[in-house]
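Put together the whole structure using the sequences plus the hints.
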Amino acid sequence: MFSGDFKYLIAVLAVAAGVSLNAWPAAAYVFGKDDRVPLPSEYSHLKHKIGFLHSRKGHFGCTATCVAKDTILTAAHCIFGRRGKKSTKAPDDLKFYLPHTHMTGHYNSARVWHVGDFLPRNVLTGVGGKRAVSSRNIDADWAFAKIGSNTCNRGNLKIKSLPMGEIAKAAKSNKLIEVAFHGDREFGKTLLFTNNCRVKGVTTKRRRRSVAKTIMHTCDLKSGASGSPLLMTVGGQLTIVGLNVAERSSRRYLRRGKKIIKYYKRKPTHNVAVHPSTFIHQLNQIAPAKIVLSARHMESFQRSLKERKLYAGKIDGVFGPATRNAIRKYERSISEPVLGIPTQKLLDKIAALSSPVEQTSKQIKAKPLTEIERLREKRRTLSGKARNALTLEIHRKNMERLTAMQNEWVIKNAGAASGSAKP
43 MFSGDFKYLI AVLAVAAGVS LNAWPAAAYV FGKDDRVPLP SEYSHLKHKI
93 GFLHSRKGHF GCTATCVAKD TILTAAHCIF GRRGKKSTKA PDDLKFYLPH
143 THMTGHYNSA RVWHVGDFLP RNVLTGVGGK RAVSSRNIDA DWAFAKIGSN
193 TCNRGNLKIK SLPMGEIAKA AKSNKLIEVA FHGDREFGKT LLFTNNCRVK
243 GVTTKRRRRS VAKTIMHTCD LKSGASGSPL LMTVGGQLTI VGLNVAERSS
293 RRYLRRGKKI IKYYKRKPTH NVAVHPSTFI HQLNQIAPAK IVLSARHMES
343 FQRSLKERKL YAGKIDGVFG PATRNAIRKY ERSISEPVLG IPTQKLLDKI
393 AALSSPVEQT SKQIKAKPLT EIERLREKRR TLSGKARNAL TLEIHRKNME
443 RLTAMQNEWV IKNAGAASGS AKP
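Note that the sequence shown ends on residue 465 in our numbering; no numbers are left out.
Everything labelled a hint here was simulated from the structure, so no lab data went into it. A portion of the hints provided could be inaccurate.
Once the Cα atoms are required to be at most 27 Å apart in a straight line, the calculated DSS-like pairs of lysine-lysine come out as [stated by the list, open to error]: (1) Lys332 with Lys387; (2) Lys172 with Lys214; (3) Lys200 with Lys211; (4) Lys309 with Lys242; (5) Lys214 with Lys309; (6) Lys200 with Lys91; (7) Lys89 with Lys111; (8) Lys255 with Lys211; (9) Lys231 with Lys89.
Take a look at the structure:
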């Protein structure tokens, strides 16, 4: 007898300094001969559109693709770093990396999580407010993330929902390709390519015309390829027609009566990609959105939601399940698309209806951020030497401000003392 199981193609990493990574794949996802090769020169432009995600805290990595100037597409379990159950600690150091345009061996990077958040405020996923993906809803294992605007500055890939028959036909003629970072081949350094794929389960005329939720295929993959795109040339352009998320395996077992007395080794049967029909419509919602990042603006958002009795949590500027649910309730009440992410558009709307007593977004704009506050907000987007340098600059500015305050206090008290002295 046989039983089935899903395994996610997430790479578990042992990380050295910098971005040079070594990975140990948890299992093999190669069918027959290994057909993976380094990215051919004709596809070299993909190096600036397909990058990788990495978390030092979570020790994992995945593949991700630029789909707008500041938006990437990946698997949902790559955002949270765990599968099957909720992770206890958010991988808020998760970053997206792309090779630098002019400096070989260097990378542009952007944060995916906002530091301190329990849920990523700038991410839209198929699993909603959950921080776990179940094998029962594998078609929900997708995520769009808003990142720094300069990261995907070399272009992006379009997404298209195609009938299964077209995808299967392209696979038969080796026109369905898969490009990803893999855990066993210098993860983060080398993009691998394969076009020796087949699509399974498309056997009837009805299925060929249908648009399924998942695509079962045999492209060769290893751990780390989660979030990578299945690509086809559509209208003269390489287009995303699937999102790799997992591998499906089966294993034989021996049963005596109702009791299973022995399991045999699992055997991979196919890899699984999510069909774009499940997520393509969400891109138009998140791509143009401007996410509220400032803690001050987030607190104002929470106050406005609390005034309408939609939010009962703390006014702390932290994005979590309670804030997300409150935003979703507010979106329903004004007939907006229900996304559950804090956008500037929503903040402006709710602030316009706030009472005069409440500190609104307009009042916040009337009181601009100080220079030090602006530097602190900028520091959230940086890492490494750039972040350390800005930290020193903030410290210097603070010392200058304290010195100025001390001098002002000395002058003020000296004046008061001389004024009260007897002639």
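Hints and how they fare:
no., hint, result
1, Lys332 with Lys387, "7 Å, holds"
2, Lys172 with Lys214, "38 Å, violated"
3, Lys200 with Lys211, "20 Å, holds"
4, Lys309 with Lys242, "16 Å, holds"
5, Lys214 with Lys309, "23 Å, holds"
6, Lys200 with Lys91, "11 Å, holds"
7, Lys89 with Lys111, "15 Å, holds"
8, Lys255 with Lys211, "18 Å, holds"
9, Lys231 with Lys89, "10 Å, holds"
Violated hint: 2 only; the structure is consistent with all others.
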